[in-house]
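Engineer: Those sequence lines, one after another, are chains A and B.
The letter at position 194 of the first sequence is residue 194 when you use this note's numbering, and the numbering goes up by one with no holes.
The letter at position 26 of the second sequence is residue 26 when you use this note's numbering, and the numbering goes up by one with no holes.
No wet-lab data here; the hints were simulated from the structure.
Check before you lean on any hint, since a few could be wrong.
[Said to hold, decoys possible] Anything over 12 Å on all C-beta distances counts as not near chain B; from chain A, calculated:
#	residue
1	Ala-133
2	Ala-198
3	Ser-418
[Claimed, not checked] Partial selection, computed: residues in chain A whose CB lies under 8 Å from chain B:
#	residue
4	Leu-9
5	Gln-12
6	Arg-15
7	Arg-16
8	Glu-352
9	Leu-359
10	Gly-360
11	Ala-361
12	Arg-363
13	Gly-364
14	Pro-449
15	Ala-450
For glycine and all other residues, C-beta sits at the position ideal for the given N, C-alpha and C.
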Amino acid sequence: MKRFPLLRLVAQNLRRNRRHLMLASLGIVVGIASLAFFLGLGAGVRRVVLGEVFPADRLEITPPKTGFLAGLLHAGPALDDAVVRRIRDRPEVRAAYPKMKLAFPVRGWGGKPILGRDVAFELSGFIDGVDAALLEGEIPSPLAFRDFAEKPGPACASDADCRAPESCALPARRCERPVPALVSRTILEMYDGSIAPAHGWPRVGEWIASRFRGTTFSIELGRSFFGDTARQGAPRQVRLQLVGVSDKAIPIGVTVPLPYVQRWNREMAGAAAASHYSSIVVRVRSKGDITGLVAFLGSLGFDQVESEAERVGLFITMVTLVLGLVSAAIVGVAALNVAHTYLMVIAERRREIGLLRALGASRGDIRALLLGEAAVVGSLGGTLGVVLAIGAGAACDALSRVALPDFPFKPESYFHFSASACAAEVAFAVICCLLGALFPANRAARLDPAAALGSA
Amino acid sequence: MAEAVVQLHGVRRSYGDKPVLSDVTLEVGAGEFLGIVGKSGSGKSTLLNVVGGLDRAYHGTVRVCGQDLGALSDTRLSRFRNRRVGFVFQSFGLLDHLSALDNVMLPAHFGSGEGDIERRARDALFRVGLLDRANDLPPRLSGGQKQRVAIARALFSAPDVLLADEPTGNLDRSTGQDVVDLFSSLNRERRVTLIVVTHEERVSVAAGRVLRLEDGRLLQG
Chain A
1 MKRFPLLRLV AQNLRRNRRH LMLASLGIVV GIASLAFFLG LGAGVRRVVL GEVFPADRLE
61 ITPPKTGFLA GLLHAGPALD DAVVRRIRDR PEVRAAYPKM KLAFPVRGWG GKPILGRDVA
121 FELSGFIDGV DAALLEGEIP SPLAFRDFAE KPGPACASDA DCRAPESCAL PARRCERPVP
181 ALVSRTILEM YDGSIAPAHG WPRVGEWIAS RFRGTTFSIE LGRSFFGDTA RQGAPRQVRL
241 QLVGVSDKAI PIGVTVPLPY VQRWNREMAG AAAASHYSSI VVRVRSKGDI TGLVAFLGSL
301 GFDQVESEAE RVGLFITMVT LVLGLVSAAI VGVAALNVAH TYLMVIAERR REIGLLRALG
361 ASRGDIRALL LGEAAVVGSL GGTLGVVLAI GAGAACDALS RVALPDFPFK PESYFHFSAS
421 ACAAEVAFAV ICCLLGALFP ANRAARLDPA AALGSA
Chain B
1 MAEAVVQLHG VRRSYGDKPV LSDVTLEVGA GEFLGIVGKS GSGKSTLLNV VGGLDRAYHG
61 TVRVCGQDLG ALSDTRLSRF RNRRVGFVFQ SFGLLDHLSA LDNVMLPAHF GSGEGDIERR
121 ARDALFRVGL LDRANDLPPR LSGGQKQRVA IARALFSAPD VLLADEPTGN LDRSTGQDVV
181 DLFSSLNRER RVTLIVVTHE ERVSVAAGRV LRLEDGRLLQ G
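This is chain A alone, in the form it adopts within the complex (with noise of 0.2 Å):
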């Protein structure tokens, strides 16, 4: 048969057939439409986690943490400048940014602008310092996230001598801008989820964050609430600025570009504090890289690689083939549905069948035009059943937008709905529907034409 003919003839088919194949189209429509809603939250779902929670691009590697006796025979390899040098030196790598935890006791207090007075906050252990090339493009002007401190500034003998918002640092008595300072969308939670309900304070929120950018307050390098000190140094204070709101900063605390920790640690805990980083981020080229990146990092002794990414990756995909093979099973049922639709609708076009192996049509031509009556339904039903889905995702979103509160990562969508998804979705929908028909379409084309036409 022609193929041109063939479209003309399942169209005025499919026309008259209209009901039947309706209710036949329904079950694929329902299939599609959760499977394409499934997947595309599934997408979408991945998209927000590794991109922007645990990015795929991107694994943070840490010294290997060994046990007391493994300690003490074995120290272990550690994360310095030369490893950094090795590591940016590989083919795969984009870039690496050193992470540096401060290695002694630090106390801070403030956040009268925010809270409506100072509060004291312990931060041993939870400042660290970054690369600040990590930061680069995410910090919008005219706050800035990097080393002020490079340069020493004016000599001065109060904060009264230096300009705002800079302060007269000790013991150097020089001005000095304060220290850019983040905090991360999990810290922000916890305390509007946690603390500030338990003592009574006003909730922040990313949003409210980001509008007291510029707040200063105060940490006291070398001493702690508990009363700890530094090994060497004199305890000292210095103003902290809080210049933005970031995934990158430490999930609880304070993080503050890598050379002021850098320096801080030489001078409270020692040369060694200062050049042995926490962690390593590595960005790779591409997320096809990690593999013998990981690889690599493990012949360099650094076996402890964190790979959130994965497992969150891993968990996504498997919930999302959970919900996808549920929703298969939908168009499954729906495929067996057209069969029992098309065997019925073969039963009453019998005669119908025979006239036109009467006039000329093979069995090939017969299964032709019922296949193609049932890739039609298919594409139809599947197409529906998309746009069904990307509906339902928007709607959701929408509900989400007004009825969710914010809280860490909040996309703007939850759904992901790729061309090429979509595509293999009708084309999903399609097979089906050729599979459904196959079995009465071979019947329908074996039928014997003279008895089809009821003449014998």
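Once you've looked at the hints, dock chain B against the given chain A.
Structural biologist: Frame of chain A; chain B shown alone:
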């Protein structure tokens, strides 16, 4: 007799144990109008199906337009039906969801689609006097008009043989006579080879030769 278009030799066909055609031998010449009469259940329709390549479960030899139908594959037999044979049925065999014109063009979907299909279909409708009803759906046509649309469809592919199975069976006397007259004029003016099975006398009167089928055996009318 002119050169034989249809040749049957020793054709036997049975349904289960019941013989329907028994050793049928027949030749039909080009341009002949053959009437086959017989009682209901005598095997007339089966004979027509065998000649038209719709029924292959026979023994013996059937040659139509020089082709041994028993030797053709399903695809080639379908092509043969499409190009060489036109069928007219008692119940018209029109698809109710297609216009008269689309019904006439149906064979074009399966091969005989060369040239301007619609023009050829309109020509066929003109020949049976129904060009003005080309866009009507069959339910809006009378029985006689439906049968004329069916004849137009049978003529669409310019077949060598036109096979009609009780073509006036569902028509009243006057309309049936119109159809018989149409067959006669097609046979006379266009030299269409016609084999009409019927139990109606007026059809057999119009035919150039009449054979009788009794208990599966072909007898001179």
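Engineer: With d taken as the least Cβ-Cβ distance between Ser-418 (chain A) and chain B, does d exceed 12 Å?
Structural biologist: The assertion about Ser-418 (chain A) holds, with a minimum of 38 Å to chain B.
Engineer: Are Ala-361 (chain A) and chain B close enough, Cβ to Cβ, to be under 8 Å, as the hint says?
Structural biologist: 5 Å, holds
Engineer: Verify the interface restraint on Gln-12 (chain A): the C-beta must sit less than 8 Å from at least one C-beta of chain B.
Structural biologist: Holds, about 6 Å.
Engineer: Let me know if the C-beta of Arg-363 (chain A) comes in closer than 8 Å to any C-beta of chain B, holds or violated.
Structural biologist: Holds: closest Cβ of chain B sits about 5 Å from Arg-363 (chain A), inside 8 Å.
Engineer: If I take the minimum Cβ distance from Ala-198 (chain A) to any residue of chain B, is it greater than 12 Å?
Structural biologist: Check passes; 74 Å lies beyond 12 Å.
Engineer: Quick one, is the Ala-450 (chain A) hint okay against chain B at 8 Å, beta carbons?
Structural biologist: 4 Å, holds
Engineer: Leu-359 (chain A) was flagged as interface toward chain B. Is the shortest Cβ-Cβ separation under 8 Å?
Structural biologist: 5 Å, holds
Engineer: Have a go at the Leu-9 (chain A) hint: is there a Cβ in chain B nearer than 8 Å to its own Cβ?
Structural biologist: 5 Å, holds
Engineer: Taking the closest Cβ pair, is Gly-360 (chain A) under 8 Å from chain B?
Structural biologist: 2 Å, holds
Engineer: Does the CB of Gly-364 (chain A) sit less than 8 Å away from some CB of chain B?
Structural biologist: Where the cut-off is 8 Å and the nearest Cβ of chain B is about 7 Å from Gly-364 (chain A), the hint holds.
Engineer: Have a go at the Arg-15 (chain A) hint: is there a Cβ in chain B nearer than 8 Å to its own Cβ?
Structural biologist: 7 Å, holds
Engineer: Was the hint right that Pro-449 (chain A) lines chain B, CB cutoff 8 Å?
Structural biologist: 5 Å, holds
Hint compliance for this structure: no hint is broken.
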